[in-house]
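Colleague: Here are the chains, one letter per residue:
There are 2 protein chains.
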Amino acid sequence: MSAATVEAKKTLRDGAFGHATALSCRECGHQIELGPHYACPECFGPLEIAYDFPEVTKAEIEAGPRNIWRYKALLPVPSDIEQSPNMEPGFTRLLKANNLGRELGIDNLWVKDDSTNPTNSFKDRVVACALSAARELDAKVFACPSTGNLANAVAAAGARAGIKTVVFIPSNLEQPKQVNSAIYTENLIAVEGNYDDVNKLASEIAGEEDGWAFVNVNVRPYYAEGSKTLGYEIAEQLGWRLPDQIVIPVASGSQLTKVDKAFQELIKLGLVEDKPYRVFGAQAEGCSPVSAAFKAGVDAIRPVKPDTIAKSLAIGNPADGIYVLDVCNRTGGAVEDVTDDQVRDAIVLLARTEGVFTETAGGTTVGVLKKLVETGQLDTSLETVVINTGHGLKTLDAISDRVGARATIAPSYDAFVAAKII
Amino acid sequence: MSAATVEAKKTLRDGAFGHATALSCRECGHQIELGPHYACPECFGPLEIAYDFPEVTKAEIEAGPRNIWRYKALLPVPSDIEQSPNMEPGFTRLLKANNLGRELGIDNLWVKDDSTNPTNSFKDRVVACALSAARELDAKVFACPSTGNLANAVAAAGARAGIKTVVFIPSNLEQPKQVNSAIYTENLIAVEGNYDDVNKLASEIAGEEDGWAFVNVNVRPYYAEGSKTLGYEIAEQLGWRLPDQIVIPVASGSQLTKVDKAFQELIKLGLVEDKPYRVFGAQAEGCSPVSAAFKAGVDAIRPVKPDTIAKSLAIGNPADGIYVLDVCNRTGGAVEDVTDDQVRDAIVLLARTEGVFTETAGGTTVGVLKKLVETGQLDTSLETVVINTGHGLKTLDAISDRVGARATIAPSYDAFVAAKII
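So the protein lines, in turn, are chains F and A.
Going letter by letter, the first sequence gives residues 1 to 422 in UniProt numbering.
Going letter by letter, the second sequence gives residues 1 to 422 in UniProt numbering.
Since the hints were derived computationally from the structure, they do not count as laboratory data.
Check before you lean on any hint, since a few could be wrong.
Copies of the same chain are indistinguishable here, so a pair counts whether it falls within one copy or spans any two.
Keeping only pairs whose Cα atoms sit at most 20 Å apart, straight-line, the calculated SDA-like set for lysine to any residue is [as the list claims (entries may be wrong)]: (1) 261 <-> 237; (2) 420 <-> 210; (3) 96 <-> 83; (4) 371 <-> 316.
Modelling step: build the complete structure from the supplied sequences, incorporating the hints.
Modeller: Here you go:
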């Protein structure tokens, strides 16, 4: 299927993928040449990027642009990546969260706030790397199946890059969410089916059509590397230091494993001190196959049928679930889950303590952070980072019956006084 | 009324307002001491901040934080402002807009994208300065009347700062917009009336109650200075150079006059070369009192009753309208207006060319940019900046019948092929 998807150019230009050297199978270690491939030809295991990194200094990175391309030497992108029109995502705020920390009893807490990315989620990071791959592979169409954040990011990045985009969504998606993507692309295609049907169709198209780059299908190895930049930024923003503990949402599980990969790379490159850190995964109870496996102490994921308000985390059969278990077990972390009500509570808690309005995925992560404290799984004396992956404006429905006006008064000072507002 | 609003502390701490020296009347030039005042005791003219700036170098600014506090020496804030919890707004992207430029026939076009601020509009800048003033004046309540962006910014900043917030809105405001503010504050107060009624009530409360800082009423002089940071950032991001032309939306008119003030300060401080620049104001036809005055060549604003989808610009009697006329006339610019349909077209145009989803205010500004080209008022060979003040997710309704799915297909490859999507 790989060869048919994005036809490999006869000759890739030198350095098309930066210091990447090959695609390497995460299961059997078999390596193949860089191209539009995502499954190992030997064992069908997932492929990821292998590199031969040069020496990279803090000074070089700090002199770079204020977006993910400051780490371009560590990504599968060419050295002139900034010259190609892109969304310039990343280098989002790392906020000291003293109010939330006080509320939860954590001494030293930070929120990595990816809701301020160009299309308001971390997906801008991964899509930027996928776009670079699509360009280098001479793809004609930049596409994805999605119900939300990914669709926004692909449609916007494609518009700015001047590449044709096609975004596939389930036809029953709420109209406001359709608008969020249709604003950027004239090719929003509604598919009569659920997300799994849309995803399956995308894989079929990727297998049959030449020149289509589906970000999360046939250029997935490049795409996934974008999540490493979350890890790089957290370390740099802490003053080139790894946090002691980090809490990360788990959908496919890719983001969590890539943040860990980023930390490991920084250690190997000598950019941060080698020290222990614990990685925690966050799921919603209504879609918690990885949490269930972690708690059961097994190393296989049993797929589930998702039923949660955290729709951007609702992947019932997460591709990287087993690797999440590896990371959390290796680092002494855990995977935990919370109910939809706990997700809603956590959204309000984060907004009212830190002024950050997160989507349901972020509510899940903050909710799990709280639960990890309450269950004694998190050491409250250690420096802790929690990732907010997207903006609450995208999942307003989830909390619209939770918050609202406290009082309604007549437009007069007397009415104000009578209402005893404060 | 001023003295009753936020009670002046017996002793303000040294440097509470940085290098600000006084409040100066824009009409008669009378100066009074710094405090919670906004109207001249002599002539009732609007007060603005006067400074005695120290020498400020580019290097000092560049070594500062990646937010508006890099310019703290030029703002009415203390030198330790970063130590107080705040939203850390600003230093948003200045995007080279080659696609939009090509579409409009402008050679060298940039978009200053303030939709990526913490609460997704430029209001985070002004509110951050108002918050500092409220803190230094020992205010007990941080408040505003608003229907949208300002309410979001005040509620979020207050939450993070740990100061009590009260946000007043018209009771008929759509429920999603109520949620956008209520998420951050438990004190969202619905007022039975229109925005003018709410605004009037806010002024009454500010006049009667001690300890209330209404950002856009009694600490307005401090608040308004925050808009200068848009001008500083544009100049710095262009490589310490002023643009030749800039297009700015006009609601009260404050932002436009403050960007001009910022450019003038940078010239006086020797941080940029003194060169001509032209400032253009953008209004929606349904609320275009400043544009009407400009076109009529008069220097008085005739108030109007707003009727436009650009609700964040819908101020029928803009306080700084006459100063907008001054700036646009002095610099050889203009004030122009566009219809609601042109606003909608411009929102789609910006999204599809640059991947930036703007609210109706930004649609107004980009629409006016287009009209300025078509009417020959803008020189298309000169470097031009257009400001995007807020995010389209906040005004989805305005374009929800404009964009949507292009096709609906069955979930099969055959159906995909039959639909001839590309």
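Colleague: Would you list, in rising numerical order, the hints stated earlier that this structure does not obey?
Modeller: 4
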